[in-house]
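Novice: Just so you know, the protein sequences line up as chains A and B, in that order.
The numbers in the working numbering rise by one with no breaks, and the one at position 437 of the first sequence is 446.
The numbers in the working numbering rise by one with no breaks, and the one at position 41 of the second sequence is 197.
Calculated directly from the structure, the hints in this document are not laboratory data.
Beta carbons: idealized from backbone N, C-alpha and C, even for Gly.
Heads up, some of the hints might be wrong.
[As the list claims (entries may be wrong)] From the structure, some residues in chain B lie toward chain A, with a derived Cβ separation under 8 Å:
#	residue
1	238
2	244
3	416
Read off the chains here:
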Amino acid sequence: MDKHLFAGTGKLSRFILRRDRIRMPVWIFSFVFATVVIGVALAGLYENAQERQAIAATMENPAMTAMVGPGYGVANYTMGAMLAHQMLLMTAVVVGLMSVLLVIRHTRTDEEEGRIEMVRSLPVGRLANVTATLAMLFLVNIVLAVVTGASLYALNIDSMDLEGSFLYGAVLGATGMIFASLTAVFAQLSHNARSAVGLSIGFLLAAYIVRAIGDVGNEAISWLSPLGWILRSEVYVNNIWWPVLLTVGAAILFGALAMYLNAIRDLGAGFLPARAGRIHASPLLQGPLGLAFRLQRTGLIAWAVAMYVLGVSYGSVMGDMESFFADVDIMQELLVPVEGFSLVEQFIPTLMSVMAIIATIPVLMAILKLKGEEKNGRTEHVLGRAVSKNRLLGSYLLIALIASFVMLSLAGLGLGTTANAVMEGGVDVGMVYEAAMAYLPAVWAMIGLTVLLLGWLPKFTGVIWLYLSFSFFVIYLGNLFQLAEWVERLTPFGYISGLPIEQFDLLQAAMLTLIAVVGVAAGFVGYNRRDIG
Amino acid sequence: MTILKTTGLTKKFGDFAALDGVDIEVGKGEVYGFIGPNGAGKSTTIRVLLGILKATEGQATIFGKDVWKDAVDIHKRVAYVPGDVNLWPNLTGGEVIDLFIKLRDGNNASRREELIRRFDLDPSKKCRTYSKGNRQKVALIAALSSDADLYILDEPTSGLDPLMERVFQEYVKEAKAQGKSILLSSHILSEVEQLCDKVAIIRQGKIIETGTLKELRHLTGTMLLVETKEPMPQLGEVPGVRGIEQKDGALSFQVEQEELDNVVRYVSRFGIIRMESAPPTLEELFMRHYEGTGTGGAL
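So that you can see chain A by itself, here it is in the shape it has in the complex (with noise of 0.2 Å):
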């Protein structure tokens, strides 16, 4: 091969780490470290085999087999195993992840922006960059490897011995190395680096439900995701080496495609032919509130589906809850009981004031999105035209509204059908529901508190997130660190009853409403007065 296509490749790896030398540390460190405190905690929270073997009966139905992988070693149930099961999927995902943003970093995003253009325009080779930025993926993928490994054979817990351990980060690495070269394929087929993403995140997800599917009905499914293959290898249970050898196989491929693809086209140029946009908006794009809504029309449907699948994993986990609590001792203190209650009706508020506070996200997010807007100088566009504050307000909040209807629905209903299908003799999905409703009062005060914001203090919108964590902090630990009662009544979230084991207390969720509708009025007072941009 020409030798001038590698022209500069050394030069530019240097140049990828020292641009990175903070990002690529930080990647790693963090995956290290939510390892091995995860093995920690594991660890103290099942003290002996047990109350291993306890949640391993928790875990052996089709929805924890579809979140996590099929479970090796289930019948002695090791820390090791219960690490691996549990843990090693959702780490490789999230590798794969980070591959997928760094890879696109350095090639689609700085040829977007002209950068690669001026490091072409020097005596470097044509391949110089995508070599450099794939070597440099595969050293970051090797260094996890050995430190994943290092660190969880070093906390010297019986079940994870040498082999084990190295074989776990073997696994993370390879799976980080093979998406970082599909993802390179991918830099070469889109033409831009947010399609490029779209796709590879695409492929990522796609990896993960085709295992599901393999997983839960025929296993010979699972073999068509690159994710199916590296749970093959049993890790701490059978320690099968080949699905790591066949995974940086095809990663290796994979690279010289890439390169190949990179070689033969164009700057600028992607081999999947740009589809041109539309010509004329659509008819949903006919104002104010289209436009709201179309800007943020991908990232509500991606917290949509989140929420619902935050529901799901939640109820699926319902299956064996009783025996659950019944052996850990942590989630007997954040539980008193309660008469006439079984265990899981009285989780069910505790988990629910956790998701309505998640849900929360996306609807502030939908309002504030119009603080983006003017921060862009894009709202001139559409006041300079004949659209009142009001109405451009207004489309803004009308989403946020419906926003916390579907995301509150969409999280109740993923709970109450999951629960009802994996636990012995259901539960009544109609009560969840209605256990989700009732926190509607206390996001529409957020909403309330957001707008009064945008209204009269612009700069200070942030301040809602701030709250809104204080909430999430309050609510969540509140039980487990006994804080007073009235600590949990600074938040619009400790005004909510528990449903279904408190009755509905109509005055709160009035009061709130009413802050709620002061908060928004006063908001679109100050809207209507103040400067926009």
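Once you've looked at the hints, dock chain B against the given chain A.
Specialist: Chain B only, in chain A's frame:
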């Protein structure tokens, strides 16, 4: 008939007065040039006129209505092109144009197509791929395809190439011929000179000169370039003569309008070989106001 009028318009950001008593008046069918360097207050004035910023003091009306209170009614008859066109990266140019037309409650399909063709824009591309000039074209097409009575254009051609600038000027002239009014903020003085009936020069938030080009030129006087057989050593003492400079053996100088007759009589005594006269360009006018002040930003 007055379309747009401000009296004593003042806008303060904290202690800083971005506008300090701005008076402008645009009549029907008039093209009003609004010139000044960056940071002088052009865009702030325009944003107040659009009801996006609230004036601290003073009055501003368009079509006789208050720009802050009746913004929506006014905007039904106004088309605006901002100086810095920021568009949504994930919408196409065509979508944005349609949206803008819809937001004014308008619909003029044939006009839209004509403008897209004339300005040579590909409406199927996402805005993120557009250069500054192309983003400006999107805003211009949306504005010009609307049937407005007043066009507010804030440095609309700063990113356009000379060909597109000419297309723009044609459309402005056409709008003027139809009796529409145009407020054109610019620092491309040749453009203002070509298009505008009236000009206001703004500096540090104050209007320092306003009037028709003819009136403004009158203030500055005529440029003369004269070559004579005999030297004119005493020329500098003749009343009304300013800024004498040597140019290829000839003398170039400014003459006040009232003294023109006397000066020409004086010069003719030395035997004229060559004599050229020119009205002062807007640039010279402008420079006269800005030279030596050192503040208010550069052109």
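Novice: Given residue 244/B as an interface hint, is the shortest Cβ-Cβ distance to chain A below 8 Å?
Specialist: holds (6 Å)
Novice: Could you check if residue 416/B really has its C-beta closer than 8 Å to a C-beta on chain A?
Specialist: violated (46 Å)
Novice: So, residue 238/B near chain A? Judge it on the closest CB pair being under 8 Å.
Specialist: Holds - the Cβ of residue 238/B comes within 8 Å of chain A, reaching about 6 Å at its closest.
Checked against the numbered hints given earlier, the structure breaks only hint 3 and satisfies all the rest.
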